[in-house]
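Take the sequence shown: its position 136, counted from the start at 1, is 136 in the numbering used here, and no numbers get skipped.
No lab work stands behind these hints, which were simulated from the structure alone.
Treat the hints with care, since some could be wrong.
Cross-link-like lysine to any residue pairs, in silico, SDA-like; alpha carbons within 25 Å at most [what the hints assert, rightly or not]:
| hint | residue 1 | residue 2 |
| --- | --- | --- |
| 1 | Lys73 | Pro134 |
| 2 | Lys73 | Ser105 |
| 3 | Lys80 | Asp68 |
| 4 | Lys80 | Thr129 |
| 5 | Lys160 | His52 |
| 6 | Lys45 | Thr63 |
| 7 | Lys80 | Asp42 |
| 8 | Lys73 | Lys6 |
| 9 | Lys6 | Leu181 |
| 10 | Lys6 | Ser56 |
| 11 | Lys73 | Ala172 |
| 12 | Lys6 | His52 |
| 13 | Lys73 | Ser56 |
| 14 | Lys73 | His52 |
| 15 | Lys160 | Met205 |
| 16 | Lys45 | Lys73 |
| 17 | Lys6 | Lys45 |
| 18 | Lys80 | Lys160 |
| 19 | Lys80 | Asp112 |
| 20 | Lys160 | Ser211 |
| 21 | Lys45 | Gln59 |
| 22 | Lys73 | Ala131 |
| 23 | Lys6 | Arg43 |
| 24 | Lys160 | Phe106 |
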Amino acid sequence: MAAFTKFANRIAVLTGGASGIGHELLVQLVRRGTHVAVCDIDREKLEAAARHARASNPQVRVTTHVHDVSDEKAVGRLVKEVASEHACDAIHLLFNNAGVVGGRSFVVGQRDEWERTFAVSWFGTYYCTRAFLPMLIAADQGVVVNTSSVSGMWASLGAKSPHTAYSSAKFAVRGFTESLLVDFRAHAPHISAVLVMPGHVRTGMPSPPRSWRRALNALFADYQPVSSEQAAEVILNAVSNGDWRVIIGQDAEAVDARVRADPWTVYD
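Working from the sequences, and respecting the hints, build out all of it.
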């Protein structure tokens, strides 16, 4: 992947930017001089995150957009707002970071919770990428950064602990991003794709259950979750270095190695 070394005076769109990794990506992008259109469904937290980011670099433009990325019409409105408020017809960075956790069991869980989790965590990525693709193509260089998960490598939270909706969505994000690598090289070689697969990061999302530390014969029982700040730094360094596959955290690294070494027994 081509290195993306110039962040100053570029334009980024960031979803799920009110908290967690998204909030830290916002702050670190602004510190690098990137203008950011940040989207979330929580207006209060979004405005607080934007104020924090602006304080770190008052010369940078940060616009806030309250939309549900699982709604394709809302994503269409987001595109129009970005073009208008940033006076642009091109963007350089798209961070598909929005996601929610839920829908653990397909068998006994609630259908509405399952479909909501899948819609935000997968369709949000799909709708935003499709909607902003013309603006990425119009740029001199563009990068699509999609946040998958360790759950996009291994669809479980441990013994007898299904994670079906979130894992299905994150597997979809992973496959989509890897397929974009080839598609961009063939049809839009100035655009790159980055796949981010974090393990447990200290964010506002629920922590994994106790079964997580006992998973895979306690393979990563002693792991320490990384902070949102550390995760954001790893992601932006990968973008600037031209790395397309980003594994974050001791638990994610352990799962990645284990699944690739012996995929046949990881669900035993």
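**Request:** Compare the distance between the alpha carbons of lysine 80 and lysine 160 with 25 Å, and conclude whether the hinted pair is satisfied.
**Result:** Distance ~45 Å between lysine 80 and lysine 160 Cα, so the pair is violated.
**Request:** Would you mind confirming whether the straight-line C-alpha gap from lysine 73 to lysine 6 stays at or under 25 Å?
**Result:** violated, 32 Å
**Message:** Hint check: lysine 160 vs phenylalanine 106, CA-CA at most 25 Å. Holds or violated?
**Reply:** Measuring from Cα to Cα gives roughly 13 Å; hence the hint holds.
**Satisfaction of hint between lysine 73 and lysine 45, Cα-Cα up to 25 Å** = holds, 23 Å
**Request:** For the pair we were handed, lysine 6 and histidine 52, check the Cα-Cα distance against 25 Å.
**Result:** holds, 23 Å
**Message:** Against the 25 Å threshold, does the CA-CA distance of lysine 160 and histidine 52 hold or violate the hint?
**Reply:** Answer violated: lysine 160 to histidine 52 is near 41 Å, above 25 Å.
**Prompt:** Quick one, are lysine 6 and serine 56 close enough, alpha carbons at most 25 Å?
**Reply:** holds, 19 Å
**Hint consistency between lysine 73 and alanine 172 [alpha-carbon to alpha-carbon, up to 25 Å]** = holds, 21 Å
**Message:** Checking one constraint from the list: CA of lysine 160 to CA of serine 211, max 25 Å. Satisfied?
**Reply:** holds, 9 Å
**Prompt:** Keeping to a limit of 25 Å between CA atoms, is the pair of lysine 80 and aspartate 42 held or broken?
**Reply:** Given that 25 Å is the threshold and the Cα spacing comes to 20 Å, the pair holds.
**Item:** Hint consistency between lysine 6 and arginine 43 [alpha-carbon to alpha-carbon, up to 25 Å]
**Value:** violated, 30 Å
**Item:** Restraint check for lysine 45 with threonine 63, where alpha carbons must lie at most 25 Å apart
**Value:** holds, 14 Å
The structure fails hints 2, 5, 8, 13, 14, 17, 18, 19 and 23 (numbered hints given earlier, in ascending order).
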